[in-house]
Amino acid sequence: MRYIIWKDLKKNMTQLKKRAPCPYALDFSLPESPRVTDVLITTNGKEAAYHLKIEEISGEIDESTLVKKTSKKPKQIVMVRSVSDIMPVELTKLKFKKGASLSKDKVCIVEREKLDSVSKADLFVLDDRAKKIIADFEKKGFTIPHSLAIELSQKIGRFKKKDYERLIERIGTDFSRNEVDPHEAVGIIAAQSIGEPGTQMTMRTFHFAGVREMNVTLGLPRLIEIVDARKIPSTPSMTIYLKKEYEKSSEAVEKVMRELENTTLIDVCDLETSVADLTITITPVENRMKERFVTRDELITALRQSRQMKGTIIESVEGSEKIIIRPQNESFKDLYKLQEALKVTTIKGVSGIKRAMARKESGDVWVIYTQGSNLKEVMDKIEEIDSSRIYTNDLNEIYNTLGIEAVRNAILLESKRTLEEQGLEVDLRHLMLVADMMTQSGGVRAVGRQGISGNKKSVLARAAFEITAKHLLNAGLTGEIDPLAGVAENIIVGQPVTLGTGAVNLIYKGFTSDEE
Amino acid sequence: MTSGISKKIKEIRFSLLSPEEIRRMSQVKIITADTYDDDGYPIEKGLMDLHLGVIEPGLRCATCGGKVDECPGHFGHIELAMPVVHIEFIKEIKRFLDATCKVCGRIKLTDEEIKAYKPRMYELMHSKADVELLEINIKKITDEAASRTICPHCDAQQTKIILDKPTTFREEGIKVTPKEIRERLERIPDEDLLLFGMDEKVARPEWMVLTVLPVPPINVRPTITLATGERSEDDLTHKLVDIIRISQRLRESRDNGSPQLIIEDLWDLLQFHVTTYYDNQTAGIPPARHRSGRALKTLVQRLKGKEGRFRSNLSGKRVNFSSRTVISPEPFLSVNDVGVPEVVARELTVPVSVTSFNIDKVRELVKRGPSPRDESGRYIPGVNYIVRPDSRRIKITDENAEINSERIDVGWTIERQLMEGDIVLFNRQPSLHRMSMMGHTVRILSDRTFRFNLAVCTPYNADFDGDEMNLHVLQNEEARAEARIIMKVEEQMLSPRFGGPIIGGIHDHITAMFLLTHRNPRFTEEDTINMISYVDVDHLPDPEIIDGKKYYRGRDIFSLILPEGFNARFSSKLCAGSEGKCPYEDRVEDKEVYIRSGKLLTGTIDEAAISPFSGVIIEKIFKKYGPSVASTFVDRMTRLAIGVLNVIGFTTGIHDYDIPEDAVSSIRSVSKEAVAKINKLIENYQAGLLEPLPGRSVDETLEIEILGVTGEVRDQSGKIASAHLGLNNPSVIMARSGARAKMLNISEVAGMVGQQSVRGGRINRGYTGRTLSHFEKGDIGAEARGFVQSSYKNGLNPLEYFLHSIGGREGLVDTAVRTSRSGYMQRRLINAFENLKIDEKRRVVDTSGSIIQFSYGEDGIDPAKSDKGRAVDVDYTIFDEVGESS
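Chains as they are written, first to last, in the numbering used here: chain A, 157 to 672; chain B, 39 to 924.
No wet-lab data here; the hints were simulated from the structure.
In this text, all values refer to a predicted model and were calculated from it rather than measured experimentally.
Check before you lean on any hint, since a few could be wrong.
[Unchecked claim] Label pairs and their computed distance ranges (CB to CB):
(1) Pro-639(A) / Arg-292(B): 42 to 48 Å
(2) Ile-47(B) / Gly-599(A): 30 to 36 Å
(3) Gly-599(A) / Ser-366(B): 49 to 55 Å
[What the hints assert, rightly or not] Below, simulated BS3-like cross-link-like pairs (lysine-lysine); rule was C-alpha separation at most 27 Å, straight line:
(4) Lys-342(B) / Lys-626(A)
(5) Lys-903(B) / Lys-296(A)
(6) Lys-715(B) / Lys-815(B)
(7) Lys-287(A) / Lys-879(B)
(8) Lys-311(A) / Lys-906(B)
(9) Lys-178(B) / Lys-387(A)
(10) Lys-239(B) / Lys-48(B)
(11) Lys-903(B) / Lys-311(A)
(12) Lys-387(A) / Lys-510(A)
(13) Lys-166(A) / Lys-249(A)
(14) Lys-318(A) / Lys-662(B)
(15) Lys-317(A) / Lys-662(B)
(16) Lys-879(B) / Lys-295(A)
(17) Lys-177(B) / Lys-626(A)
(18) Lys-626(A) / Lys-129(B)
(19) Lys-335(B) / Lys-626(A)
(20) Lys-45(B) / Lys-665(A)
(21) Lys-153(B) / Lys-132(B)
(22) Lys-906(B) / Lys-287(A)
[Claimed, not checked] Chain B side only, calculated, beta carbon under 10 Å to chain A, not exhaustive:
(23) Phe-52
(24) Glu-126
(25) Met-163
(26) Phe-348
Here a beta-carbon is modelled for each residue, glycine too, at the ideal position from N, C-alpha and C.
Bound conformation, chain B alone:
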C-alpha cells in the first residue's frame, strides 16, 4: 500500500531507435547463438546472458544486481554482418527512394516548391492535427517529387525503382542491396525530412535499414522449464538464434572471400530471419516454423488482435479479489443483496488499515484466525493475511493467530474476510450496458452458488440454466464509496437507454399480483396474515365483515406495500395487444389502475404496473421517493408475490390446453378450408389466371396470397381456441397478465401451429423442386411447403415435424450470426464514443476539447432521469400535486 501523491504520466513520445541508441542502451553485445551451457548456466555473451536480466530464482542480474521481480530486464544488441531492411518500413523506404535523387539525395522538388510546402507541413506536424490529413499531404508531396525524372538540384537522370515484394528493391532489373539503400538514405539532408513528415531529432530515414538489432531482455522471452526438467525457449529466442547464426556465417563468408552468389544467398537468408523476427505473417514470405510445424509467434503477432498484448493485457486486465460461480435464485434476498457462499467469503478479503481508533477491534479480528464461527456455529469473518508496513505479508493460521494479533500495530494492514454488509461488484457477461455490473451488499449463505433476487435478472439478462457470474471485492474506500453511491442496484433501477425501469417483477411476480388484484378477491383473515407474513408490514388493512368473519380485499393487501401518499393512474396490460374487442374491455374496474394516497382503488396490477421496461408503479415511486423506497417496494412486492402464490396456489400443465371436441373439429374445418383456398390459388396460378400484384411477378404474388391465407387461419384457430379458454385458465392468466407467453403461443399449443417460414417466405429449399423427398417435384401445395395443421398438444406428423425443424433452424442461425455482428458494432460504437463527456457548462465535449453538442440532447436532460425521454411528466405531476380537478 503506497500512500501520498503518485506520479502521473503526462504524455508519451514515440520515435525510432538509432543504431547508436541501440548500442548505448545495450548492456551486452550478443555474439554466441547458444543459450545455456551443459550445467544449465547462462553462457556469457549468449542470448541468455546474465546482463539481460534474471528469471531464475537465486540468480542475480549482472547489470543491476537485482533478484527476480526486482530487475526489470535490460537490452542487449546484435551487430548484423550486413544491413537488412526493416520489413514494417518497406513502404516508407520505397517512398524515400522514389522521391529523392539517387545521386545527391535531395528531394526532387525545386527550391521554390520546397519553400511553398514547408510551412504547411510544419504546421501539420506541430498542430497535432488529424493524422489522416498529414498522411494525405505527405503522399501528395512525395508523389509529385517521385514523378520527376531529372533531379532539379543536380540534373542527374533518375531511374525507376521497383519494389519486388516483400523486401527486394530493383532498379532497372538490377537488385539494389540494403547497403546501397542505406547509403542513399544517408544522403538525404535533414532539411528535406520535414516534407516526408519526419523530424531528424526523432528519426532518420537510414535507421529504417538495420545494422544493429536490439535484443530484448529475457523477461520478455522467458525460458520455460517443463516438469520433466526439459527447457523450452521462447519463440523470440529461437528467432534470435537463427539471426545470430546466419549473421556469423555471412560475416565469415564475406571475410574469407566466398563467391558473391553464396554471400547473396546468406544475405537473403538473414533478411528472411530478421523479417520474420518482426512479423511472421508478412505476405509473400512463408512463416518461420517451430520444429513441431507450428508457426512462430514473433513481435507483431504478440501485439496484434484480440489475444495480442494491447487488447488482452493492456486494455483489459486480470484481477485478484474476484470470484466466479454458478448463480441461483433467492427470493428472500433484497434486490440490493447478493448471497455469497461461505467458501467464497473465506477466500475474498477486504484490506483494513490499522489505526489507533480500530486497533483493539482489529486485534480481536486477527485473534479469531482464518476460519472462525460464532457460538451458534454461524459464519463470522476472520483474517487471512496481515501486511507489515514494509509490505511483507504474513499468512494467518489458527496456530499463529494469537501471536500475530499481538504484533499488529498502527500502520499495519490486515486482510479481513468478507462480511455481511460489505459492498461488492457483481457482473454477468456479456457486459452490454452499465447495468451488467452493479454494486450489491454481501449476505453470507451456505452452499456453493451466488444468489440474488429475481427482479435483478433483467438487467444482467441472467437465467438459472447454468449461468455463472463474477464477483469483485473492492479494495479501497474511494471505490467502495463510488459503488455505494453510483453503482448500487437501487441506483440503477432506471435504464439510461429509455428512461424506464429495468428492474421489476417477472414471471410469478406478475402472475401473483394479477391474482391478488384482478376482480379484487376476498381473503380470509388467516390467508391474509399468511400472505402478509412474507413481508415486513406490521398491520392489516381494514377488514370487511361478512357473517361476523373478517375478510380482506386483494387490492387492500397490495396497498400495504405502496409508499404513503403515492398516486398513480394508468391502464392495465389486460387488454393491450388483443386484436379487436377485448372481452375485458368493459370492466373499467379491472382495467383502469387508480392509486390515490397509497391506496389501490381500482385496476389490476400486472405487467404494465410492475414489470421491467414498462412498470409504471416502479418508475413513479423511484422518481417521487428515490432509490431506497423504490427498492423496498420491489423487495416487498417480490416477497408478497410468493406469499400470494403460496396461499392461492398456481400451476400450469398440458391440460390447460384442453378444448372441447367441437372446437377441435371447427379448427380442423378452418384449416381444411385454408388448404382448399390455397389449392384454388395454385390452380389459378397454374392456369395462368392469377393477376400479379403491382410490381410483383406472378410467382411472388402467389406466395404473398398464400401467406395471407395461412396467417388468417392461424388467427382464426387461435380465436376458436381462446374462446374456450378463459381467465380461469392458468396459461391464459400468464399470457393476459404479461407474465409469460403470448396468446399466440397458446393457440399454437391448443389450436394449430401454422405456416413455417424461412426468410419471410414459405419453405422452398431442400431437394430440387421439393422440400422433402416425400413430396412430388414441383408440389407447391400447403403441406409440401411447411403448413403445419396440427397443434403442439396433439403432436406433429413426421413431415410437419421436419418442416418445423427447418423453420426453427433459421432462428438458431440468426441468433448466432446476430450476436457476433452486433458485438462488433457495439465495440466500434464504444471505441468511437468513449471519449465524450459533459463538461462543467453542460456541453458535450471530447477529451481533446472539441465540442460535439452545445446542450446535451438539445435540452440537457439525462435520459436515465427523464420520463421515458421527456424532461418532466407534466400530466403525472399535475395529477400527483393537484389531483382530479384537471
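Chain A on its own, in the form it takes in the complex:
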C-alpha cells in the first residue's frame, strides 16, 4: 500500500485530532500522481506515529476552521478526514520511492504492505491474536501477562482445537503455579543470588570490553561500585551513536570526535618558561596537534578566550609556530600561576571526556566510545549525536540529567551486564529488586550504612549492622521507639520474624462445645 509521508509537529497533530474533519493548510504541494489518500506523519524523523486520511479540497473554505501547518504561505489545502495514532513504524522499515528520502524532499511517497492501525491507547502492542489468547485464558480463569500472550500468539495459533485447549489449560496452570508465594522473603533471596556468585567473579579491574583500546572496570569491583552508588565510577565511559542521517558518514564521526575530546594545551604543545625574560613559550607539536585535530588558529583563539589568560599578552612569533605569553604583572608569582593555568587550559571539547574512539559496528554504523563521561554537555552541545541512543556508565550522571526512572533502568542494565560478562546467570528479577530498592526514595541510595541500611526504622537493626554505640545513644537521646517490625530486631529479641512462615499464625481453637 502507498502512503504519503511528511514531517510535522506534534502540536499540529493534537490540534487536528481535536478538530478533524477539517481543512489543513500545507506549505508544500502534494505530488500530482499517483493520487494517495493515506498519510503517515513523523514528528521526530525516526518513526511515523500518525495516520491521516485526506481528501482534495474543491471550492471555498472557511478561514476560521483552517489549521495551518506553519506560518509560511500555504501552497495547498487538503481536507483531513481522520487522524489516528498508530503503532510507531520505523522509517527504515518503509520502502521509499526510488531516490527519495524524507530529509531531502519535504514530502514523498512510501510503500508498506500493511499498516497496523492499532491505536496506542490500546493495550500496548497486542494484536488480535494475542488479545484472543488472553481472552481464552481468562475464560479458563487464568490471567497471563502480555509478554506471554505475544509469545504464544506466534507459537500456538495454528493448532487443532483440542490441542489448543489443552495447551491453554497446561500453560495457564503452569503459569499460576509459578507465581511467587505470599510472604516469600524475596529480598533475602535477591541478596543471596547476587552475593553468592560474587566469590566466583574476577577481581581484575581491567578488561577489554568491546573496544580493545579502552579499559572498563568489570567484575566484582564494578558490582560493588554499582551497589555502593558511588558518585564517580572508577572508569566512566560513554557510548555515543549518531543520528540516523550521519551514522554512516565518517566525516561526521570525525567532526563529532573532534568536538568531544577535551584537549588541553599540554596535550598538544610543549611549554617552556623563561624566568629571565618572564615569558612562557608555547611550542605546538605537529603530530600531537594532528592527532587531536587542532589547528594553530584554534589554539590562539582558545587562549584569547580563556578566562585565566585575561590581561596577559599573547604574541605569535612570525615565521615560527611558537606563541609567547607574558603575564600581566611582571612577577615570578604571576608567571608561575600562569604556567600552571596554561597547562590545564581547555582548547576544545567537552569537559570530562578524555579520549574518544570510533568503531564501525554491524551495518556500517559508527559508534563512538569515550573515556570519561559528561552526559548533559554531550547531549546539549553536539548536534549530530542521537540522544535517544546515548549511554553512559556513570549512574549519578544519568540520575542528574535523566531522572530517577532512567537511573533505575541504568542500575538494572549495568548490573546485568557486569554479571553477564562474567558468565554468571542471575535472574533479572533479583536485579530489578535491587534497582527498585535503591531508587525507591526518589534519589539513589547506596546499599550500606550510608544508604538503605542506615535509614532503617529500627534502632536495633541499625545497631546490629554497623556503628553500634552511636545508634543506641542517639536513640536514647531522642526517645526513639523500635517497633520490632523487621527481621534483625526480632531475631535480637528472640521472636519469630515476620517473613515467610513466621508471617502467618495458625490458631487451634479446639472443639466447640457442641462438638464435644
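Since chain A is already given, all that's left is putting chain B on it; use the hints.
Same frame as chain A, now just chain B:
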C-alpha cells in the same frame, strides 16, 4: 517446655536514665572500692555486694532471695564526688552549649523563629520518619541558633565555646567545668528541647553530665575463679574500682580544702576513668590497661563489632542439639539422606511428649536405656533424658532405665536418640545461599563422618578434602514440618538464582552417562544385569538378539531410569565450546538428544542433560513430575553411574597425554616460530618501526601484539595435540562430556603451557628491568617475560617454573582478596534487603509497609519456579503436549 500463648514484645522505647531514676533502681549505694574480704565473702557496700545479685552457687541474693540462675541481677549506684561529662554525648553537649544562651538558657532563636520551626520538628519526631532527615533538621536549627552572638531573649553577649578534645570545654581560653556545664544545661527550658529533637519526658540535657553512675549487676561482670583458686575480676569491675577510689579521694580533698590545682587534677582523673569506663578507645585518650598491658574491654567494646554483643550474641546464637564432623561421600545414599555416625546419633535427641496414645511405646523406648541394640547388633534409638512436667531432667542410665520407664506418665517428655527417618538440617559454611542449609532424612551409619550423595556437593559447595559440616536436630513439630515441606533437598533442587537445577550429576556421573549413551553401545545380558542391579529397577529393556545372544543398548538402559511419559529435546554438550568445526558435529544421532515417552531415542547424555546449572533432564522432570520424582531420578542416575563404570571401567593417567613424536616436533616448531615472531616484533619496536594502535602507546601496542601471538600458538599447539587424542582417550572423554577439565587443560599437559600473565599482561615485575636475575636487564623477549614453551607432562625448566609460579600466585592472592570483598558486599546486601517480602496482593513491600514493587519482577513469577527466568517454557510445553507437529 512451656505451652500456651507466649508474650510478644510489641516495641522497645529508648530513653536516657535520669540521676533520680538511677538512684531509684539502685539496690545499694557502693562506697567501698573493695570486692571480697579475706574469707572470700563479698564486702558490704562493695562492688560485689550481695544486693547486686549472685553468681556463686550456694549464696542467695540479698535483694530478691533468688539463687544462681534465678536472680536476674540488680543495679547499684556510685555517687560521684563531682560531675563529669558523658563521653558519648560530648557532641550533643557542645551543640546545646553553642545554641543556647549562657545566661538565660533559652535557645538563641527569636520567638517567631521558634514558632516557625516547632510544628515541623514535632511532626518529624512523631511521624517516626527518616532518622537522617531529623538529624539534618536539628543541625540546621541549632547551627542557626549557634551563629547568634547576642541572645534574642535577654540580650546577653555570647562567647564562643571550644571543645578541646576529648572532654574539655573552653570559653575564651578558660576551662568550663562539668559542674558549670551542668548548670547551664539545667537552665534550658523544657519548651526549647523540641528544637533539639529531644523530649523532656525522655531525656533532659543535664543528664548527659553524670553525677551518679549506675553500677551494673555482677551477672554482667562475673568474677572468674581460676583453677589455682585465684580470683580474677572482670574489666568493668576494675574500672569501677578506679572510679570509686578517685571519687573518694576527690571528695576528701574537696572537703578538707586542698589546693585548687590538686582538686582539678583529681577531677580530670575522675573524668578519665569514667570516660574509659564507657569507651576505652576514645580518640585522644590513652586506653586504660590491665596490669599485663592488655587494654581493658569496657562498655562500648563489649557491644561493638563482629565479636561484640550485637553481632555475635544477639544476631547470632550458639545452639544445642547440633553436631559437626568431617564429611565423606556415600553414593548409595539418596540425595535426601544424610549418613549420621552412631556416636553422633546417640548424643543428639528429639523430644517426644508422652500422651495417652504413645505412652506404651515410650515406656518401651525408655526401658531400652541409653545405648540399645537390636538382636543383630544394629543401632536402635534409646533415650538419654526424661523431663518431668516441672522441667526437672533425669538422666537415663542402663541402671535406672527400668524404674524410670515405669515412672513416666502423660505430660512428661522424653529425649529420644536420633533414628532413621528423622529430619535434620545439614549445613556447610559459608552459608552463601539458602541451599547451604537443607533438610535431610537421617540414616544411621557406622564410623565417624557425615556422609551424603555426591549430587548434593554443588549446593553446599563441598568437597571431601577435609571439609566439615554441621547438623542440627529440630526440636519441635512445627520446625520439622517446615523442614520437610520447604527445606528438604528435593524441594531445593532448582536454584532461585537462575531457575535451573543446582543438584545433579558431577564428575564420574557424567562420564558414566556419556559412556553409556554415546554411540549407543551394546552390552551383554550379564553386564546389563550387573549395571541395573545397582538401581531399584525390576525389569530389563527390550533385548537385541544377535547370534542367539541377548544384547542391550546403552540408551535403552538409560531409559529405564527416566519417568514414564517423559519428553525432552535438546543438544548434547559434545560440540559446545569447541572452536570452529567440531569433528562430531555431523553425527546428529549422537548430538541431538531426543526423549519421547520416557525413551531415549537419540543423543548423548552428558553435562547438558544431568549436571547442576545446565541439566535439562533434571529441570524438566522436576517441573513436570515434582520434587520426589526428580530426586528419585537423580538417585537412580548416580547409582546407575557407578554400575556403568564398574562394568566398563574407567581410568585416567599421564599416558592419556602421550602424543606421537611428529606431533611433539610440530608443536616445538610452532612455538619456535612464535618466538621468532615475537623477536621480530621487538626488533621492529626497538627500531621504532612499530605503528601504535589507535589510542595506545607503542609500548602497549607491543605487549598487545605479543599477547596475540602467544595466545595463537597455544591454540595451535592445542589443536595439534588434540588431533592425536580422540574420544577413546579418557581425559578427552572427561573434557568433551563436561565431567572435568577443558580441552585447553589437556593441551597444556600434552602440548604447551603458554604465556603466563599477571594483571592481564606478560610478567614484567621482579627485579629492576627483568623478571629474574637470569635475564639481562631490559630483555623483553618471550622467555624473559613468562612464555612457557614446555608442557606439564614434559616438565618446565627452572626459569619457566619460577615464572609459572609468579602467574599462579596472582590467582591465590585474587581469591583471598575476593572472598573478603564479596563477603562484605553480601552482608550489606542482606542487611539492606532482609525486610522485603511479598504481601498478599503479590506486591513487594518492606516490613514497615512501604511498597517497593507493585508486581514482583514485573510479572509476579518466582525465579525458582521459572524456566531460566521465563514464566513458562512455551516451546517445551508445546513439544511435550502436542509433539512433533509444531
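Against the structure, the hints:
At roughly 47 Å, the beta carbons of Pro-639(A) and Arg-292(B) sit within the given window of 42 to 48 Å. Range check, Ile-47(B) to Gly-599(A): Cβ separation about 33 Å, and the 30 to 36 Å hint holds. Under the hint 49 to 55 Å, the C-beta atoms of Gly-599(A) and Ser-366(B), about 53 Å apart, fit the expected range. Under the criterion of a C-alpha separation no larger than 27 Å, the hint pairing Lys-342(B) with Lys-626(A) is consistent with the structure, at around 10 Å.
Among the hinted pairs, Lys-903(B) with Lys-296(A) is consistent with the structure: their alpha-carbon atoms are about 22 Å apart, no more than 27 Å. Using a Cα cut-off of 27 Å, the hinted pair Lys-715(B) and Lys-815(B) holds, with the two alpha carbons roughly 21 Å apart. Straight-line distance between C-alpha atoms of Lys-287(A) and Lys-879(B) comes to about 25 Å, which keeps the hinted pair within the 27 Å bound. Proposed proximity of Lys-311(A) and Lys-906(B) is supported: the alpha carbons are some 19 Å apart, at most 27 Å.
For the hint linking Lys-178(B) to Lys-387(A), the alpha-carbon distance of about 24 Å falls within 27 Å, and the restraint holds. Between Lys-239(B) and Lys-48(B), the direct Cα distance comes to roughly 20 Å. Compliance with the 27 Å bound is thereby established for this hinted pair. For the given pair, Lys-903(B) sits about 22 Å from Lys-311(A) by alpha-carbon distance, which is consistent with the 27 Å threshold. Of the supplied pair hints, the one linking Lys-387(A) and Lys-510(A) holds, its CA atoms being roughly 18 Å apart against a limit of 27 Å.
For the hint pairing Lys-166(A) with Lys-249(A), the CA-to-CA distance comes to about 21 Å; that is within 27 Å, so the pair holds. For the suggested pair Lys-318(A) and Lys-662(B), the alpha carbons sit about 21 Å apart, so the restraint of at most 27 Å is met. The straight-line distance between the Cα atoms of Lys-317(A) and Lys-662(B) is roughly 23 Å, inside the 27 Å bound, and the hint therefore holds. Our distance criterion of 27 Å between C-alpha atoms is met by Lys-879(B) and Lys-295(A), whose separation comes to about 22 Å.
Of the supplied pair hints, the one linking Lys-177(B) and Lys-626(A) holds, its CA atoms being roughly 16 Å apart against a limit of 27 Å. At most 27 Å may separate the alpha-carbon atoms for a hinted pair to count; Lys-626(A) and Lys-129(B) meet this at roughly 11 Å. With a CA separation close to 18 Å, the supplied pair Lys-335(B) and Lys-626(A) stays within the 27 Å bound. Taken as a hint, the Lys-45(B) and Lys-665(A) pair is honoured in the structure, with Cα atoms around 18 Å apart against an allowance of 27 Å.
Simply put, Lys-153(B) and Lys-132(B) have alpha-carbon atoms about 24 Å apart, close enough for the 27 Å limit, and the pair holds. A hinted pair counts as satisfied when its Cα atoms are at most 27 Å apart, and Lys-906(B) with Lys-287(A) qualifies at roughly 26 Å. At about 4 Å, the closest approach between the beta carbon of Phe-52(B) and any beta carbon in chain A falls short of 10 Å, and the interface hint on this residue holds. At about 5 Å, the closest approach between the beta carbon of Glu-126(B) and any beta carbon in chain A falls short of 10 Å, and the interface hint on this residue holds.
Given the 10 Å rule on beta carbons, the hint for Met-163(B) holds: about 7 Å separates it from the nearest Cβ of chain A. Against a cut-off of 10 Å between C-beta atoms, the interface hint on Phe-348(B) holds, since the closest Cβ of chain A lies about 5 Å away.
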